[in-house]
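*Asks:* Whenever a hint applies, use it, and build me the whole structure from the sequences.
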Amino acid sequence: MLKLSIMVSCSSLLLLFNPKKLWFSISPILFLISMFSLPLLYSPMNSTCLNMFSVNSPLNASLITLSIWITALMFLCSNKIFSANNHPKSFSFWSLLLLLILVLSFSTNNFLMFYILFESTLIPILIMILGWGYQPERLQASFYLFLYTISASLPLLISLTVISKNSGHIYMFLPWLFPSINENIIMVWWLMTNLAFMVKLPLFFTHLWLPKAHVEAPVAGSMILAAILLKLGGYGLLQMSTMFTPPSSTLPSLIMSIALWGAIISSMICLRQTDLKALIAYSSIGHMGLLIAGALSFSMMGFFGATFMMIAHGLSSSALFAIANMTYESTNTRSLYITKGLAMISPYMALWWFLLSAANMAAPPSINLFSEIILIMSILSFSPFTWFALASLTFLSAAYSLYLYTSSQHGPFPSFLNPLNTSFSNNYSSILFHLIPIIMLISKPDMFF
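Numbering (my numbering), first residue to last: 9 to 457.
By construction, these hints were calculated from the structure, which means they are not laboratory data. Every residue gets a Cβ at the ideal spot worked out from N, C-alpha and C, and that includes glycine. Heads up, a few of these hints could be off.
[Stated by the list, open to error] Taking lysine to aspartate or glutamate pairs in the EDC-like style, the calculated list, with each CA pair at most 20 Å apart, reads:
| no. | residue 1 | residue 2 |
| --- | --- | --- |
| 1 | 88 | 191 |
| 2 | 348 | 283 |
| 3 | 348 | 337 |
| 4 | 220 | 145 |
| 5 | 88 | 454 |
[As the list claims (entries may be wrong)] So the derived label-pair ranges between C-beta atoms look like this:
| no. | residue 1 | residue 2 | range |
| --- | --- | --- | --- |
| 6 | 49 | 184 | 23 to 29 Å |
| 7 | 389 | 426 | 51 to 57 Å |
| 8 | 88 | 253 | 56 to 62 Å |
| 9 | 427 | 306 | 35 to 41 Å |
| 10 | 97 | 426 | 29 to 35 Å |
| 11 | 279 | 433 | 15 to 21 Å |
| 12 | 343 | 88 | 18 to 24 Å |
| 13 | 124 | 419 | 48 to 54 Å |
| 14 | 343 | 191 | 47 to 53 Å |
| 15 | 282 | 262 | 32 to 38 Å |
| 16 | 49 | 433 | 27 to 33 Å |
*Replies:* Below, the structure is given as structure tokens:
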């Protein structure tokens, strides 16, 4: 893990090169670093390598590899920033700094250090939204993101302080000692400890910051936010569930119900969206609701399913934001009322849209299908009464994915639009490098076990 952190830090030396060629220099280096991280995956899921500062397990290794891979694709999709000379060195610096923080977050063995790094990710993403966002509303989006994250993380800091005082340490995978207090207080304590992670995912009712941040962020911000930063919440929830299990299943069952029904509501909201990025953002809430429900089943199957979902959603959502940006750069609009008939002017892009929409609805042969099957099995084993919510969520997921594809690709192309050519090699390469792992990982899912 330390070697990867050093490699990512050394990649910042590329900032000394010609700014217009930075994306061409940094992306191959990051792809190479991600290849170096692959051997970390080949250890059993139930095995963990610990030392004083870092931890190595398939969960950590897969998220680190995903972080480096997505950051490389971010640079491929952000060539407009470099070609327009829109402060490319600053953009590259904050992107690489965010990657370094993420690698350290997924590597650390100390929960207090994880908390500090967890909060530190807020600074680069806020600067990316404020500096390279599209509209004046990015100020409001940044405020929402800051307010929700900071407010929910304060109880986590207090909880970690109390646990450290009682246990004498705050390391992961080592036993924690809790004071002998009332069971109801323990339940509230558990909720306050996990609230920061649920807001980050986000859980429905704490999700208002996500659509605003996605709509106002540049394509790189949307990609890293959907693919990695949301997964920080899932990673924290999974790690905390192994260390701090509630004394009864009453409160987790309530949170699971909110997550599932919130996922259904957000999926129904997707069917009413007219903005491409807002629709993709709300679909993320639906997928993360299923992840939360699986994680709260406190079973090994739920742990596996949540891990697969984080990888699958990270790749598919990032790809959807990337191709939505290509459509925006071509037509200068994200409205589904206007962007119709795109298959007539760009058949190749229509094919990419179809494959990504199919992956988003968990159609075979995508890794999304495998993750949702495992999560549904774990949730049903926890409570068979969730079958109706799960069936509804599966149907609505397919419905809004088809709505996204048919609304943008079919129908008459508006005569008042004068689309620009976006058939550049870096655009198609970025989508291809998203799709290859989405399809190939289902052929060897045991690499995460």
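*Asks:* Decide, hint by hint, whether the structure agrees.
*Replies:* Structure-based check of all given hints:
1. 88 - 191: Violated, at roughly 55 Å.
2. 348 - 283: holds, 13 Å
3. 348 - 337: holds, 15 Å
4. 220 - 145: Between residue 220 and residue 145 the Cα gap is close to 8 Å, so the pair holds against 20 Å.
5. 88 - 454: Roughly 39 Å separates the two Cα atoms, so the pair is violated.
6. 49 - 184: 23 to 29 Å: holds, 28 Å
7. 389 - 426: 51 to 57 Å: Check passed, 55 Å falls within 51 to 57 Å.
8. 88 - 253: 56 to 62 Å: violated, 48 Å
9. 427 - 306: 35 to 41 Å: Violated - the Cβ-Cβ distance for residue 427 and residue 306, about 50 Å, lies outside 35 to 41 Å.
10. 97 - 426: 29 to 35 Å: Between residue 97 and residue 426, where Cβ atoms are some 33 Å apart, the hint holds.
11. 279 - 433: 15 to 21 Å: violated, 35 Å
12. 343 - 88: 18 to 24 Å: holds, 20 Å
13. 124 - 419: 48 to 54 Å: Given range 48 to 54 Å: holds, Cβ gap about 50 Å.
14. 343 - 191: 47 to 53 Å: Holds, at about 52 Å.
15. 282 - 262: 32 to 38 Å: holds, 34 Å
16. 49 - 433: 27 to 33 Å: Given about 29 Å between the Cβ atoms, the range holds.
Of the numbered hints listed earlier, those contradicted by the structure are 1, 5, 8, 9 and 11.
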